[in-house]
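S.K.: Chain by chain, the residues run as shown.
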Amino acid sequence: MVDWRLFEPLFDFARRKSLWIVAFCTGCGGIEMPPLMTSRYDLERFGMMPNPAPRMADLFLITGYVTPKTLKRIIITYEMQPDPKYVMAHGSCPLNGGIYWDAYNAIKHLDRYLPVDVIIAGCMPRPEAVMDGINKIMEMIENGTADGWKRYKENYEYYKKNQDELFGEGWREREARRWIPWLMNRKKEE
Amino acid sequence: MVVVVETALKAVLILLYATFVGFMFMGIIRIVTARIHRRVGPPIYQPILDTIKLLSKKSNITHGLIYDFGIIYALGATILALMFIPLGSIGILRMYGDLILITFLLEIPMLGIMFAAMSSGNPWAGLGSQRALLTLLAIQVPLGFAIVALAESYGTFSTYQIVMAQQSMGWSIIHLPLLLAAVAYDLVLQAMFGKEPFDIMIAPGEISLGPMVEFGGKHMGILQIQHAIALFAETLFFSNIFLGGAVITSFASPVLNTLASLGVLLIKQIAVLMIAIFMGAIFPRFTIDQAARFYWKWPTIIAATGAILAAL
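Chains as they are written, first to last, in the working numbering: chain S, 78 to 267; chain C, 202 to 513.
Where chain S lies over chain C, by a calculated footprint (3+ residues, C-beta under 8 Å):
no., region
1, 233-239
2, 242-248
3, 253-259
4, 398-410
5, 416-429
Cut-off 25 Å, straight-line C-alpha distance, at most; resulting in silico cross-link-like pairs (DSS-like, lysine-lysine):
no., chain 1, residue 1, chain 2, residue 2
6, C, K259, S, K213
7, S, K227, C, K419
8, C, K419, S, K230
9, S, K237, C, K259
10, S, K227, C, K259
11, C, K259, S, K230
Since the hints were derived computationally from the structure, they do not count as laboratory data.
C-beta atoms are modelled at their ideal positions from N, C-alpha and C, and glycine is treated no differently.
Bound conformation, chain S alone (with noise of 0.2 Å):
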């Protein structure tokens, strides 16, 4: 048998060259994108696409606030990628609050509901602070600091214990219902 710990370092590099982005742009911060993708910017340089599967996905970009609804669409989308992923948080509402420090309706801080590797701090950020903000991922895939998909599964009492304290217990189930009815209704008679 191969030993795929020797192509680790190739692996590394393909993931580090290929990133497809996920955007979940929430309120403000999907206007950076078109920018960054077409001609004045060009992350396709750099090997970046944006794609609408989140099965195909590895860097999860979520961009402005983040309020209960959107979240529990957050971490649905998070858990159906595959591993390696790498999260993006974009602008200063994900990072603390931001302008909505006090709102009684949005998440102030994302890091207790998902492992964030990289923060852009800004309202918003100019598209070469976003710029940067991928350097800094590509450098963390490189030494291998970007672990999140590995904290998340290490830690998932934490995050499971946040999320359930905000949605109330049972909320997959019951998200789920709403969503695919058919579904958990054939489950429910076998």
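Use these hints to put chain C onto chain S, whose structure you have.
M.R.: Leaving out everything else, chain C in the frame of chain S:
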């Protein structure tokens, strides 16, 4: 025994060459599209890096046996199609490569991907598969007429004999009936590549990549390899039947002859690819009913005219 080993070696070499050149074609598509947008674009080896990354994912999601099988089915059908197409003087099954068989084998991979996508149960995948099926249905009519025109004109269905006939009487596209057939076939090729005017089945913004939405990790990696080989095979088939193929016998050594014919074929394939890229870059996307109506109108009329002229 020696013949078996030699054939197996040949098959592996053809497969490696096709995969490598196919990945380069995917890189060329991305670079040329980027230059048309006035961007720098990724390096040419970017699709290879993407594939390595996808194959090295640490977790995989599967949705059952059909989901795994459909992808292997698509890859296998593409490889089989590649073996039937004459590749210069090499090509293992080139003597048996019949026009109808090769076009059939080049369309089969789409069915395999559709099986896999449908079995995942994702609504986007189902919608995308429906559209892919309708596109497949729409391209059959002009494709059939183009093949009838070819067979009528050369009096044979064998791809290899058509290539040989073109060495004495010039490329197919210098004859008017076959030029019409080539135009129709090139429009069909646009849908087979999944390029812009007819890529509604994999529209990223509208239906989240359609059939591809559930594939991730190793499944998507194998599909990338399949796409590379399919790009190579489809361009190779077009340059064989319409652009004269390549049978070079001017050198003394057979190795030089083979290399020269591979080079000539490569130039013709890149020309076919460039037409597809330019068409894809400048035209917006058709909706599915517009695409079907288009295929059943203009390419069908052009190809049918070609077939009638060839029969006269």
